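*Asks:* Listed here are the chains, written in short residue letters.
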Amino acid sequence: MLLLENIILALNGIRANKMRSLLTMLGIIIGIASVIAIMTVGTSMTASMTDTMNSYGANDITMGVSQKSTETEMMGGMRFEWGPRKSNLGDNDYIYMDMLSVLKEEYPDKIDHFLLECSAGQGQAKDGSLYANVELKGVNDEKFEDDKLEMLSGRSFKESDQKDGRKVAIVSDYFCNNMFNGDTASAPGKEISILVNGKYHYYTIIGVYEYDASANWVSTSEEETTTTVYLPLKTAFDFNHDDQRFEQVTVVTGSGVTSVDDFMMEIGSFMNRRFYRNNDSYEISCSSMSSFMAEMTESMNTMSMAISFIAGISLLVGGIGVMNIMLVSIQERTKEIGTRKALGATNTSIRIQFIVEAMVLCFMGGIIGVVIGTVLGSILSKQMGYDASAPLGAIVFAVAFSMVIGVFFGFYPANKAAKMNPVDALRYE
Amino acid sequence: MAKGDIIIEAHDIVKRYYIGKPNELEILHGISLSVREGEFVAIVGASGSGKSTLMNIIGVLDKPTEGSYILDNINVMESRDDELSEIRNKKIGFIFQTYNLIARTSALKNVELPMMYARMPGWKRKKRARELMQLVEMEDRMNHAPDELSGGQKQRVAIARAMANDPALLLADEPTGALDSKTGRMVMDIFHKLHKEQGKTIVLITHSPELAEECERILTLSDGMFIGERKGRNHAPS
Chain E
5 MLLLENIILA LNGIRANKMR SLLTMLGIII GIASVIAIMT VGTSMTASMT DTMNSYGAND
65 ITMGVSQKST ETEMMGGMRF EWGPRKSNLG DNDYIYMDML SVLKEEYPDK IDHFLLECSA
125 GQGQAKDGSL YANVELKGVN DEKFEDDKLE MLSGRSFKES DQKDGRKVAI VSDYFCNNMF
185 NGDTASAPGK EISILVNGKY HYYTIIGVYE YDASANWVST SEEETTTTVY LPLKTAFDFN
245 HDDQRFEQVT VVTGSGVTSV DDFMMEIGSF MNRRFYRNND SYEISCSSMS SFMAEMTESM
305 NTMSMAISFI AGISLLVGGI GVMNIMLVSI QERTKEIGTR KALGATNTSI RIQFIVEAMV
365 LCFMGGIIGV VIGTVLGSIL SKQMGYDASA PLGAIVFAVA FSMVIGVFFG FYPANKAAKM
425 NPVDALRYE
Chain G
85 MAKGDIIIEA HDIVKRYYIG KPNELEILHG ISLSVREGEF VAIVGASGSG KSTLMNIIGV
145 LDKPTEGSYI LDNINVMESR DDELSEIRNK KIGFIFQTYN LIARTSALKN VELPMMYARM
205 PGWKRKKRAR ELMQLVEMED RMNHAPDELS GGQKQRVAIA RAMANDPALL LADEPTGALD
265 SKTGRMVMDI FHKLHKEQGK TIVLITHSPE LAEECERILT LSDGMFIGER KGRNHAPS
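So the protein lines, in turn, are chains E and G. Residue numbering for the first sequence follows the numbering used here, beginning at 5 and increasing consecutively. Residue numbering for the second sequence follows the numbering used here, beginning at 85 and increasing consecutively.
These aren't lab readings, by the way, just hints derived from the structure by calculation. Bear in mind that the values here come from a model prediction, so they are computed numbers and not experimental data. Incorrect hints may appear among the rest.
Stated by the list, open to error - No more than 20 angstroms apart at the CA atoms, straight line, and that leaves these computed lysine to aspartate or glutamate pairs for EDC-like:
| no. | chain 1 | residue 1 | chain 2 | residue 2 |
| --- | --- | --- | --- | --- |
| 1 | E | Lys108 | E | Glu287 |
| 2 | E | Lys423 | G | Asp146 |
| 3 | E | Lys22 | G | Asp231 |
Said to hold, decoys possible - Rough simulated footprint, nothing fancy, chain E against chain G, three-plus residues with beta-carbon under 8 angstroms:
| no. | region |
| --- | --- |
| 4 | 143–149 |
| 5 | 192–206 |
In this text, a Cβ means the ideal position worked out from N, Cα and C, and glycines have one as well.
With these hints in hand, go ahead and build the complete structure from the sequences.
*Replies:* Structure follows, in C-alpha cells:
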C-alpha cells in the first residue's frame, strides 16, 4: 500500500531527474562495484586454488621424517641449543614398509591406502646419438593412478610387475619424441638403456603417458626437458638398496575420517610413540593440504576484507552524496511537502516517503554497482587466469548494505522534511 | 449530522508572531466565527488584512495563539500534531490559488492522494477518484500529469482532490485568482453546484467583492478584525 506507492513515486522521481539521480548514485555505484570486483577476484582465486589443491588431494596426509626441533634448555642462566645429532638419515630413521602395515592395521577404516614413491635418481636414456633426460621413479599402483596421467599407448603396471619387480617402464611422449621420432604407438615393447651414475640399466617400455608441460616450472627446450620414467615400486627398491623404505609417504584417508587435521595429529603421535620413541634426531611430522588450505583461505579473506574496507570508505562518501542530493531535493519540493501535509500527510508518512526515496536510489546504485563489479571482477579474474565465480554472499550483503546506507543517510533529510511547518512550506516559492 | 449543525465554532482567536522576543506582531485580534453545515461563506479582505493567517487557522495548518476553535465537534486547540494531520485529511478539503497539484503524478493519482493518506484500499480509491473526476468533468484528461493541463483544468482536479474524503468543509483560498474570468467562472460554478446539489459547506477566502457577492454570507476582514457581515446573493451572476 503506502510503501508500494512510495516506491513508485521514488522511481518516477528518479526517472524525471535521470542525470541527477545517476550522479547521486555514482558514489554508491563506484563503492559497491569496487567491493564486488575485489571480492570476485578474491573468491575466484580461492576457488581455483582450492580446486587445484583438491586435485592434489585435500584429504591426503603427508607423513615424513624430519629432524627433531631444536630444544632450548636453561642451565645456570646459559642457553644451550641442542640440534640434531646426525644430519643424514640412518638406516633406523626411515619409514619402512612394515611400519605402514602396522599403521594400516591400527586404523583399518581411517586409512584407505598409501601413495608410495621411491626415487631412483636422474639419468639419461641413450641410443646411439639419441638421448633423453629422465628421472627414474618407482611408484605403487595407487600413486601412479593418483598422478592422473593420460595414457597414449600401451598399458599401466600389472600386479605381477609390482610383485616381482619386473624391469618395465612407462615413459613420456617427450621421451618418445627424442628416442623414437615421436612414434608413441610402437614404443611399448621396445628396450631402453638408461645411464644412471655411470651404470646402464635396461628396461622394457610397456606404456607411454602424455607429459604435462604446464606442471614444469623450469622452462627448458622440449628436447632437454627431464621427464619421469615410471618403474614398479619394487624395481626401484632393487635398483637402490633392497630395503623397502621411504623418507616420505602420503596417507590417503578413508571414509572413517571426519577431520583430516585431527587424524593427522593422531597418526603422527602414533608413529612417534611406536617407532621413533628412542630416536634422538628424527621424528615423524605430518601435514595436510586442508590445513594449508585453511590458512591460505584465511589470509586471502583477510586481504579481501582489508581492501573491501578501503572500498567501503567510498561507499561512505557515496552515502554523503545521497544525503546532499536529498537535502537539495527536499528544498526544491518544499511546496509539495506543504501540500501533502495540507492533504493530511502525517510527519511519519513524509519521513517514510523520503527514506524510501533514498533507499530506492541507493538500491538501484547497489544493483548497478553489483553488475559492474561482477563484470569487472570476472574480466580481472580471467586476465589473471582464474575461473571467475561471483561471491554470492558479498553480492547480497552489498545490496543490503547499500539500502542501509539509504536509510542512514536518508534519515536526516527525511526528518527535516517531516518537521517542516505546513504553513511555511505551503508559502515557499 | 443534520443540516444546520455548527461546523466551525471559533471564539476570540488571536494570532501573534514573535520575531525576536520583544517584537511581537499580532495579526488577528480576537476573531469569532461560526459557520453552519451547508453554508457558503465568503471572507473578504484586502491584502494584509490577515486573510491568509485566518485561513491557515480555519484549515488547521496552524494553531491560534489564543482563543478556542471547535471544528466539527473536535477541539483543535487540544489536538496533537498527528491528530491535526488527520483533521486536515478527513475534515477539510483545501483549494489553493496555485492549485498545488503534485508534479509528475497523474491527475487521478493526485485525487487519490488524500484517500491514500486515509489508508483507503487501492480499488476503492480509484473508483472514488474516477467518480470525482466525472463530477468536475475531467474524466477525459484524468491520466495526464498536471503540467499537461490548463489552469482551469488543474483547479478542477484540485477541487476533485479536495472532495476526496468527503470533508465537512471545503476551504478555498482565492481559487480563481490565477484564472481568467471565463475559467474562473467555470470554477465558481462548480462551487455553486457542490453547494446546491451536495449541500457542501464552503468557506471562500478572496479579496474580490464581486466574487464574495455570489456567496450566502459575506464576512469582511480588515486589520485582523471582522468589520462587517451581510447576506450575499447566493448564486452566480446572471
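*Asks:* Please go over all the hints and tell whether each is borne out by the structure.
*Replies:* Against the structure, the hints come out as follows:
{"no.": "1", "hint": "E:Lys108 x E:Glu287", "result": "holds, 19 angstroms"}
{"no.": "2", "hint": "E:Lys423 x G:Asp146", "result": "holds, 14 angstroms"}
{"no.": "3", "hint": "E:Lys22 x G:Asp231", "result": "holds, 19 angstroms"}
{"no.": "4", "hint": "143–149", "result": "holds (count 3)"}
{"no.": "5", "hint": "192–206", "result": "holds (count 8)"}
The earlier numbered hints are all upheld by this structure, with none contradicted.
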